[in-house]
Structure formats: structure tokens, C-alpha cells
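**Student:** Each chain is listed here by its residues.
Number of protein chains: 2
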Amino acid sequence: MSESAVNRQVLLRARPDGIPQAEHFALVAQPVPSPAPGQILVRNVYLSVDPAMRGWVNAVANYAEPVAIGGVMRSFAVGRVAASRHPDYRPGEIVTGLFGWQDYALVDAATIERKVAQTDLPMTTALGVLGLNGITAYFGLLEIGRPQAGETVVVSTAAGAVGSCVGQIAKLKGCRTVGIAGGAAKVHLCRDEFGYDAAIDYKHGDLAAALAAACPGGVDVYFDNTAGPISDAVHAQLNVGARMVICGTASVARWDPPPQAPRVERHLLVKRARMQGFVIFDYAARYDEARAALAGWVRSGKLRYREDILQGIEHAPGAIAGLYRGENLGKRLIQIAPEA
Amino acid sequence: MSESAVNRQVLLRARPDGIPQAEHFALVAQPVPSPAPGQILVRNVYLSVDPAMRGWVNAVANYAEPVAIGGVMRSFAVGRVAASRHPDYRPGEIVTGLFGWQDYALVDAATIERKVAQTDLPMTTALGVLGLNGITAYFGLLEIGRPQAGETVVVSTAAGAVGSCVGQIAKLKGCRTVGIAGGAAKVHLCRDEFGYDAAIDYKHGDLAAALAAACPGGVDVYFDNTAGPISDAVHAQLNVGARMVICGTASVARWDPPPQAPRVERHLLVKRARMQGFVIFDYAARYDEARAALAGWVRSGKLRYREDILQGIEHAPGAIAGLYRGENLGKRLIQIAPEA
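Going down the list, the sequences are from chains A and B.
For the first sequence, this note's numbering begins at 92 and goes up steadily by one.
For the second sequence, this note's numbering begins at 92 and goes up steadily by one.
This is chain A alone, in the form it adopts within the complex (with noise of 0.2 Å):
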């Protein structure tokens, strides 16, 4: 199944103040464990790298348990059952679950997800378009932003992993779709390999103007992924009856203390808008149905995705920062095995 004779780990070696860097974690050798009776150890092929994995490490209390110093980092990860003691699973079997950033995982079998059964896929789409990255663009929007044919819906790092798929579900809904996104590139990428009806570079010109400029019947939906000063731009924006999806934070490197913002109470009341937070492991219960839905839309070739994979666990511990920064055109994944 693999070369590898030892199982290398990316641990927590200390806690960040903000987004974690490189130095935060340590690469360690250790001996390829082996099941005992129940267990499943898995050969880890692609590691995920996701926004909320800064949540995962902040000592703050947040909707999971913070990883321990010195444990392994917490990460969703795609691989092949290398060895079995669980009836249920056959070595050869492609499994996803959250096995972290590491070579082998030992697992039991409540700690596998699933195992992947779209293989007429690549086996990236697992993590990405049909892991949580699309289930949460697809429960965030239709079951928290509600749009409707004709609505307008805005959506902020609108090439990411999330939020490519959010504009692609908005316009199967029959919505006017735009973009907001950081650099000429993605931009590009938002306009033309996910269908956004306008695309805005907030780093360069005056995005109060240019979000006017691309949503002049207001905005109906925001599915927001950033905070931060985009947001403030477009809750100046939103029509009456307005619903924004507060998903993920990436424009604030900090919580404590909280960074200051205008305050938002006026626009809901006189907008009768709605705010409302949005975790997608509540719907951890209804994840087939998602997938189901968008297995069909990859497949039909109406919902597109990008990868961004670097090729190696020694880059796993300096990912994380290079996401915040806007360093990857799409899903960012680490390959750390051949997939076969």
C-alpha cells in the first residue's frame, strides 16, 4: 500500500495567537501502529486544509474541542484501509474521516466518516467538493440563506472551496450570483469556471462602489466566509428581508480581544435582516442528501471545482497560514501517498 515504513505526524507543538504558522507545529517520526481487535488503520493519501482548522487549535472555546499540544492535528483526510480487524472494513477500501495530518491513521470504526462510495470520482473530491467544503456551501445556503429564483446572492472568498460551490448552487437556484474575491486571478476564476454573473476584487478599487455597481437591485443572500470590512460593505447593500449566512471568519486574524466593526443592529432593524451563525456538523445527520445532490451536479458538469495540492506532509505545517493568506487557487489538499 506504501513505502513508508514510518508514520509521520504534524503535531500541535504550541497554541497561536491568531492564524497558525509553521512554527506551531512539529514533523514527527513514529512506528506504524497496528490494530488491535476492532480497529481499522488507515494509509492517509490526501490530508485536507481548511479554514476552520484555526478554530480547531485556539485555546478559546469554540464548537469543537481544541487539539492538545502535542497531539496530532486535527484534519479531515482521504486514504485506504491498509489493514483491518473491523469486520466492516476491508483493507483496499477508500475511507474518509477526520484521521488528521499523518501517514497512518488507527482508528476504530466510529471515527470513519464514511466510506467513499462515488469512486467514478477522483478520490480528492471526497475532501473537497464532496466532503465538507460542498456540504456546507450546500446546507449554509439553502437551509440558512434561503434563496429564491431571481434573488441576489453575494458570496465572499467566492473562489474558495466553499464559497465556489455556494455561487454555483445560487445560480442552479436560478439567482443572480457575485463573487467577491482577492487578486486578478480568482476573479478570473470566479467569472469563468463558476459562472458568477460579477466578480469583485476587493483589493483593489473601492468595493463599496463596485458591489453597488454589481448588485443594483441590492443584495438579497450574503453568504459570508470573511467578516471584516467586506462585510461591512455589503451589510450597507442588503434589501429588505435580507439573510446572511455567517460561515467562516477569514478576514479576522483575531478574536481576543474582538476587533472593532460598525456596529450592524441598524441595518437589520430598518432591513428586517437576519444574521444567523451556521455550523455544519448540526447537519451531520442529513450529509447523504447533500452529497447525493452534489455528486449528480459534478457529474452533470454543472457544479465545478478547483484543487490546489501541494505534494508532501512537510508542507501540511505552513498550509494553514498560506490558506489565510490567499495563497491557493482552490481546494488546498496535501498529496502524502500515490492513490493507488
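Among these hints, one or two may not hold up.
Identical chains share a label here; the pair holds if one copy fits it or two copies do between them.
[Claimed, not checked] DSBU-like cross-link-like pairs, simulated, lysine-lysine; straight-line CA separation at most 35 Å: (1) K362 - K206; (2) K262 - K393; (3) K362 - K262; (4) K393 - K206; (5) K264 - K362; (6) K206 - K294; (7) K362 - K393; (8) K206 - K262; (9) K294 - K362.
Source of the hints: derived by calculation from the structure; they are not laboratory data.
Computed from a predicted structure; not experimentally measured.
Following the hints, complete the assembly by docking chain B onto the known chain A.
**Tutor:** Just chain B now, with coordinates in the frame of chain A:
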């Protein structure tokens, strides 16, 4: 009906920068008009003074058109038909509507919100507990806040005309109620008259600590009439799935430019919480439903109210500023004619 030979009117003289003060209004005397065919002349008895009137005189777009400079100040009022050339209205009938700060309102039938049917209750209730204050509390709490029995509901301006109803309705629905008000007199009113389980004086001591002590199980619903630092303190103690009803912004004197505040996005995200703005006029088609429930609770003694009645229209110009200073204990009204 009245001894007035003239129609005294309070006109908007200048647009305030922030809270309207006495000097922004002018008291003038005009001849009493006569109804043309289809019109009704209403002799106002009580004028309403509401926090929302601040928004009605601002030039900034709101949910209602601004009052014109030189125009009669918009307000709710209750009075009696003095003369009618409309077949549906007869002299002596009690009516309420946006009749303005004046002795007499010459209106067409569409301006009359309703004939007051609850003649067993004091006339003033038409403007308070059975008027938009009570109806705002009813729909804001039940439709936006959606409290469940056993949950903790926190109310700002808890002793006010809206807040006192919110607290009592939440209690009727089986919630633990925590009121926030300014000063010992209002805090006592919250506890002794309006039945809050706990009441906090935000002007005295550490609000965050007092909130934590009053809400040991966290905050499930926040009915927000203030915005400002009171709200910031509540946001820090939200439970997962909390709902915030943005009903008013009494703590914010000026919105241009908007004041700075700690960003709310992380609270909303981590707690999957919702902030939603609310304007009662969106529920106009359902006012009767609310009024029937409210009147029933008033008659059975389950819903109490306090009034702060100024005597004479000459008190009108300074009455909004006084409200924002918190000088009233209960629903502020101005009596300008005898009841009968």
C-alpha cells in the same frame, strides 16, 4: 367634545442630528379644520411618545418616509370622532391611528387604524399594551424570538412599554425572564410589577458579571431594544441556537457614522445564533390576533402595564428626548383633552 377653539400642532422645525430635542419642534395654533365629504375630524385625547419617533425625523432612509420639515410630527394617538362626513364613523366613537401631535386630525378613513373595541379597558391601552407597544412585544418575541418553555429570555429596556410586555409574555410561556433596566426604580418595577425572575441595573456595577449571575444557564433569547454596550454584554453569554430580536436601538444616539462595536460574527458562528431585525408594520394583517391575546391577559390580570402621562401638548416637543434619557417609568403619553 373639547373646549379648544384652535388646533394646536407640534411641527418638525429642524432635523436633529441624533435624538430630537425640544428645539427641533415648534408649537403653533391653526384653525380647526372641517371635514370634506368622506373625511373624519378626530379630537385627539392622548398622544403617544415612542422611541421609534426618533427614526421618523431622521433624513436617513428608514422603514417609513421621514416627517417633512414644517409638517405635523407623526405619532400615534387615540381620540374621539368630533365630526364625520364618512358613513362608517359617528361623533363620539373612539378611534386610533397615526393622527399626529395635534389637537385635531382631519383624516380619511384609511388613516384610522381602528375603532377601539375594548371600551371596558382604559382608553390609554389603545396606545400602549393594546397598541403597537404590546403588539410589537407579542410578534417580536413569539415570531422572531420563538421562546420555548424553560429557556432564558433577556430583555433590554425591560421596564419600558415594549420590554415590560415582552418579559411578561415570556413568563406566560414558561421562560425564565431577566430584565435589564437603568436605575433602581426601574429594576424594582421589573421585579415587583412585571414579574421578572431577575432584574439588572445596567448603570450600577459590572453588567457582564450580573448577567452571568442572572443567567446561569446562558441566554436563549435576547429581545434587544437598545443595541450598545448592553447588547455587547449579552452577546458574550449566548447559548447555542440563541435568537436575538433586534427591535430598537435606544442606546445609540447617532448612526451617522455608525458607532463601532465588537464584531458579532464569531458569537453568531460558534453559537449558531441568529440576529434578526423586526419592524412591527410587517405584521399589520395580524394585529387583531395579537390584540385579542393581549386584551385577554390584561383582563385576567396576567399582563400589567405602567403609564407615564404628561399633561398638555406643550410637553410634546421635549418628550422624546426625555424618553431617551430614561426619565419615564412606563409608557409615555401626553393627555391633551379630557377623556369624555
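**Student:** Could you work out which earlier hints the structure fails to respect and list their numbers in ascending sequence?
**Tutor:** Hint 6 alone not satisfied by this model.
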